[in-house]
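Peer 1: Here is how the chains run, residue by residue.
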Amino acid sequence: MLDLLLSTLLDLLTLKHMTFMMVGVTVGLVIGVLPGLGGIAGLSLLLPFIYGMDQTSALAMLIGLVAVVPTADTFSSILMGIPGSSASQATVLDGFPLARQGEAARALAAAFFASMLGGMFGAIVLTAAVLAARPIILAFGSAELFMLTLFGLSTVAALSGGNLAKGVAAACLGLAFGMIGAAPATGEYRMDFDTLYLSDGLPLVIVGLGIFALPEMFDLLRGGGAIAKQGQSLGRGWFQGVRDVIRNPGLVLRCSGIGALIGAIPGIGGSVVDWIAYSHAMQTSKDRSQYGKGEIRGVIAPESANNAVQGGALLPTLLFGIPGSGSMAIFLAGMILLGLQPGPAMAERDLGITYTIIWSLAIANLLGTALCIALAPGIAKLTLVRYTLIAPFMVMVLCFAAFQATRSYYDLLALLAVGVLGVFMRRFGWSRPAFLIGFVLSLGAERYLYQAVQFSGWDFLTRPLVLVILALTLLSLWAGLRKSSGSGAINTEGAAEDSRASRMWPQLAFAAVVLGLFVFTFAEGMKNSYLALMFPVAVACVGGACALWVLFWQSRGAVASGSANFDTEAQAKDYGPWPFLGWFLGIVALTGLIGFFAALVLFFLAFLRVVARCPWWQVLVLTGAACTFILVLASSLNLLFPGGVLQAYLDLPWPLR
Amino acid sequence: MTSITRRTLMAGGAALASAPVVAQAQTRGDSRVDFSGRTLEWVIPFAEGGGSDVWARFLAPFLSRHMPGRPTIIIRNVPGGGSITGTNDFYARARPDGMSFIGTSGSTQVPFLLGDRRVRFSYANMPPVFVSPTGGVCYLPARFGVANAAELGRLRGQELVYASQGATSLDVVPMLAFEALGLRVRHVFGMRGRGEGRLALERGEASIDYQTSSAYLRQVVPMVQAGNAVPLFSWGVVDAQGVPQRDPTFPDIPHFTEAYEMMNGRKPSGLAYDAYLAFATAGFAAQKPVMLPPNTPANIVETYKAAFASMMTDPELLANKDAALGEYVQATGDAIGPLYRLGTTIAPEAREWVRTYLTTNHNVRF
Numbered sequence: 111m112l113d114l115l116l117s118t119l120l121d122l123l124t125l126k127h128m129t130f131m132m133v134g135v136t137v138g139l140v141i142g143v144l145p146g147l148g149g150i151a152g153l154s155l156l157l158p159f160i161y162g163m164d165q166t167s168a169l170a171m172l173i174g175l176v177a178v179v180p181t182a183d184t185f186s187s188i189l190m191g192i193p194g195s196s197a198s199q200a201t202v203l204d205g206f207p208l209a210r211q212g213e214a215a216r217a218l219a220a221a222f223f224a225s226m227l228g229g230m231f232g233a234i235v236l237t238a239a240v241l242a243a244r245p246i247i248l249a250f251g252s253a254e255l256f257m258l259t260l261f262g263l264s265t266v267a268a269l270s271g272g273n274l275a276k277g278v279a280a281a282c283l284g285l286a287f288g289m290i291g292a293a294p295a296t297g298e299y300r301m302d303f304d305t306l307y308l309s310d311g312l313p314l315v316i317v318g319l320g321i322f323a324l325p326e327m328f329d330l331l332r333g334g335g336a337i338a339k340q341g342q343s344l345g346r347g348w349f350q351g352v353r354d355v356i357r358n359p360g361l362v363l364r365c366s367g368i369g370a371l372i373g374a375i376p377g378i379g380g381s382v383v384d385w386i387a388y389s390h391a392m393q394t395s396k397d398r399s400q401y402g403k404g405e406i407r408g409v410i411a412p413e414s415a416n417n418a419v420q421g422g423a424l425l426p427t428l429l430f431g432i433p434g435s436g437s438m439a440i441f442l443a444g445m446i447l448l449g450l451q452p453g454p455a456m457a458e459r460d461l462g463i464t465y466t467i468i469w470s471l472a473i474a475n476l477l478g479t480a481l482c483i484a485l486a487p488g489i490a491k492l493t494l495v496r497y498t499l500i501a502p503f504m505v506m507v508l509c510f511a512a513f514q515a516t517r518s519y520y521d522l523l524a525l526l527a528v529g530v531l532g533v534f535m536r537r538f539g540w541s542r543p544a545f546l547i548g549f550v551l552s553l554g555a556e557r558y559l560y561q562a563v564q565f566s567g568w569d570f571l572t573r574p575l576v577l578v579i580l581a582l583t584l585l586s587l588w589a590g591l592r593k594s595s596g597s598g599a600i601n602t603e604g605a606a607e608d609s610r611a612s613r614m615w616p617q618l619a620f621a622a623v624v625l626g627l628f629v630f631t632f633a634e635g636m637k638n639s640y641l642a643l644m645f646p647v648a649v650a651c652v653g654g655a656c657a658l659w660v661l662f663w664q665s666r667g668a669v670a671s672g673s674a675n676f677d678t679e680a681q682a683k684d685y686g687p688w689p690f691l692g693w694f695l696g697i698v699a700l701t702g703l704i705g706f707f708a709a710l711v712l713f714f715l716a717f718l719r720v721v722a723r724c725p726w727w728q729v730l731v732l733t734g735a736a737c738t739f740i741l742v743l744a745s746s747l748n749l750l751f752p753g754g755v756l757q758a759y760l761d762l763p764w765p766l767r
Numbered sequence: 585m586t587s588i589t590r591r592t593l594m595a596g597g598a599a600l601a602s603a604p605v606v607a608q609a610q611t612r613g614d615s616r617v618d619f620s621g622r623t624l625e626w627v628i629p630f631a632e633g634g635g636s637d638v639w640a641r642f643l644a645p646f647l648s649r650h651m652p653g654r655p656t657i658i659i660r661n662v663p664g665g666g667s668i669t670g671t672n673d674f675y676a677r678a679r680p681d682g683m684s685f686i687g688t689s690g691s692t693q694v695p696f697l698l699g700d701r702r703v704r705f706s707y708a709n710m711p712p713v714f715v716s717p718t719g720g721v722c723y724l725p726a727r728f729g730v731a732n733a734a735e736l737g738r739l740r741g742q743e744l745v746y747a748s749q750g751a752t753s754l755d756v757v758p759m760l761a762f763e764a765l766g767l768r769v770r771h772v773f774g775m776r777g778r779g780e781g782r783l784a785l786e787r788g789e790a791s792i793d794y795q796t797s798s799a800y801l802r803q804v805v806p807m808v809q810a811g812n813a814v815p816l817f818s819w820g821v822v823d824a825q826g827v828p829q830r831d832p833t834f835p836d837i838p839h840f841t842e843a844y845e846m847m848n849g850r851k852p853s854g855l856a857y858d859a860y861l862a863f864a865t866a867g868f869a870a871q872k873p874v875m876l877p878p879n880t881p882a883n884i885v886e887t888y889k890a891a892f893a894s895m896m897t898d899p900e901l902l903a904n905k906d907a908a909l910g911e912y913v914q915a916t917g918d919a920i921g922p923l924y925r926l927g928t929t930i931a932p933e934a935r936e937w938v939r940t941y942l943t944t945n946h947n948v949r950f
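Residue numbers (our numbering), protein chains in the order written: chain A, 111 to 767; chain B, 585 to 950.
Take the hints with a grain of salt, since some may be wrong.
[Said to hold, decoys possible] Among the chain B residues that face chain A by a calculated CB cut under 10 Å, a handful are: (1) R679; (2) R702; (3) P806.
Rather than coming from a laboratory, the hints here were simulated on the basis of the structure. Here a beta-carbon is modelled for each residue, glycine too, at the ideal position from N, C-alpha and C.
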């Protein structure tokens, strides 16, 4: 085994193989830096080139990309407040406040270093576990997977913000949104308004971007100025960040372990790992007052976990041919194109291939971290640029990332709709992390509960591993609730002190809308057969009760409502986010008329001239740069932009098509 | 790929308001169309990384080599709606100029055959130019003491559990097969892919399963060799008359119809069997057809057919085909028509029988 490990390493360390790995790492870096684009988009980009390559080069290239994305996606999470990919949503919560306080360098350094350690941990886990992982993976049946989704949901307690009822309602709202589309038990379509688009459910990438990125963007635009409020530069903090990581070895180790384990269990998926790690960091901290405001542990935890996921996720992919995540599904396709079939032989006859993959993972993590650190000072300067110049580029990339989901115009509409919801949830302090956790775990919770009951009846509750996870869940609930009703409450949506409104009607109206959504969920749920109605109805009842509770307190007046009273617009003196939402609505509507590319050009010209007040030469240069960028990206992905009414009548050449 | 981009970009400005693109002039007196310098789009109504995507990406470079004029062929993934979105879109929008063609899968044929109301396309109107068969093997854990299909009768009265992807998915084929055999099977839905189904069986949650050929070879054969699993039957392939034949990948495993005979001592017949056969053919024996848009001129169709036929003689393809095509005889030329028809049609009574069956037993609303 050891000589095989060594020989695969030597084989990998040739110029040719390393060159291809660098290609993967570079593409992964670019894709990771761009908000919303993750491993799926990156691997799709590389897939057409796989055919005819030798196996080691191709694997090195693909793994190079997979390994780097969760490191590089940190850039936009920390610097822009926009999740770089679904793996680093939790990084935003504390990373972005750090950047705004002028500590971007420290946050980035801590994130990259933690990422690298996590990635290495994942590679080590893979090496050790590949020979013995089958029984572990087989131990997690539907019952255990259901309990794991409950464990994931229990983190809502810690992430619910200052008001538990709002947090639970937000999680229920996320669960309800996650139920759009086919019911796992019966295949009945729920809340799909009879459209094909919604019959598959809302894409996660759109929900993530809508709920986090759009509200943040509007907020930054309102503030004028640059992202970093203080300081001339990034601050020195590079070594500080590394020291922060070294001071928390236990946290890094535990979060890497959580990441690798959750990654290795097919069915849960990597997109909740960052939240589980984040809430774990919070639950195990003595002083939780800084979480959400710029606590470095809140950056270290998700970052060490999301890189470790990749090593774990390779286990079911290689041994069982079951991809643990979306990007693993494409990696699997790449393997098949290379003539490699996953299976038990990957731990026996084809162990060499597995080791090549492991070494690639480890080396690419090192390379990726080094490159990220090298690039960081340059990229971080973006936080000093006037945000009105950055915003149109962000709009462009967000739209592009959104319609990567299903390549249709509806993707943009969905982004807009979720974005509006996000704006209000942010404003009134309904925890968006809780919403997202609910959304991600929704179908899993329903599917696995139904399957567990079908496979083994309610006896499943007595299985030993189920009881262990149940105990962990209760522990996590206790740790999350421990302080949340007191001064130590964590606000994921901003400072509570500035948000005590005297005018209550906007909050009341939103709470009523939330209640209305639950009533709708209930009514739609009741239309289904027994197996498909239980979940939506239960969620609607719990969520509805919480919304009523919030309404009850809010209706008692500004002072008596206590923590239920939360409105970040309470002290606002401008028009609110509406003008900027209007701009976004503009580009979406214009896309519906004349297609995305033409709409983008007009949007750039108008926005830069009117909002950013640039001189014409600057307007033209920036617009030209944006067009070039988006065309190169789209052409390398063979992408057609969503068309509008115009395209229905005229056959235009690409990219206007 | 960069060269296409540059050219398209340059052409873009000039051709802004010009006439729609039509396939280039016909050459040399014969009716073949020349695609020199063109970029053809192969629409795959599934996301990147799925079975159909891999199949198309494997074939595309070879097809390009055998198309007159060596056009560039790109794969355009249009996912959504369980492949109905992309196929609807292609059917309604694609121009009959040979510049785009589509490859669907059993998962697209099943809702079409069931008469799903969201389907807005008709296989009958799209000219087929290639059909790829595939297969799969149904197997049982060894603990039941059933050595082969002849002993399936021992399971009468015993409830088996099948981990299914859904009543209207491709897993309707095993459902109809178990029904025709008279096995009592509980279907637990919500699996995402056959891999999860196999995992459920390995954990002991499910007790009967099938895997497609490549997964069977890699994942189940070791279980069979270790004495933990027993193959029962394959889905088989069909000849030009629609008569089931053994799967060339598994010449030693009986196909479903043989298994039925082994179990019951007589040939299967009746609506339940007809329904099974129609869906099994659509789902496996004629799983992946390639089609041109409705009303495509005959010369373009012939060009495509010839290119696919010539592609299947490419020595490099033949040497590497295992990963994407397996042992199956790919339908080209005259073999296309019969197989395509078998895989995309169903007798009205059989369809009605399946719809009633699904509504009664699994609450499916049509």
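Peer 1: Are the hints correct? Go through all of them and say.
Peer 2: So, going through the hints one by one against the coordinates:
no. : hint : result
1   : R679 : holds (8 Å)
2   : R702 : holds (6 Å)
3   : P806 : holds (5 Å)
The structure agrees with every numbered hint stated previously.
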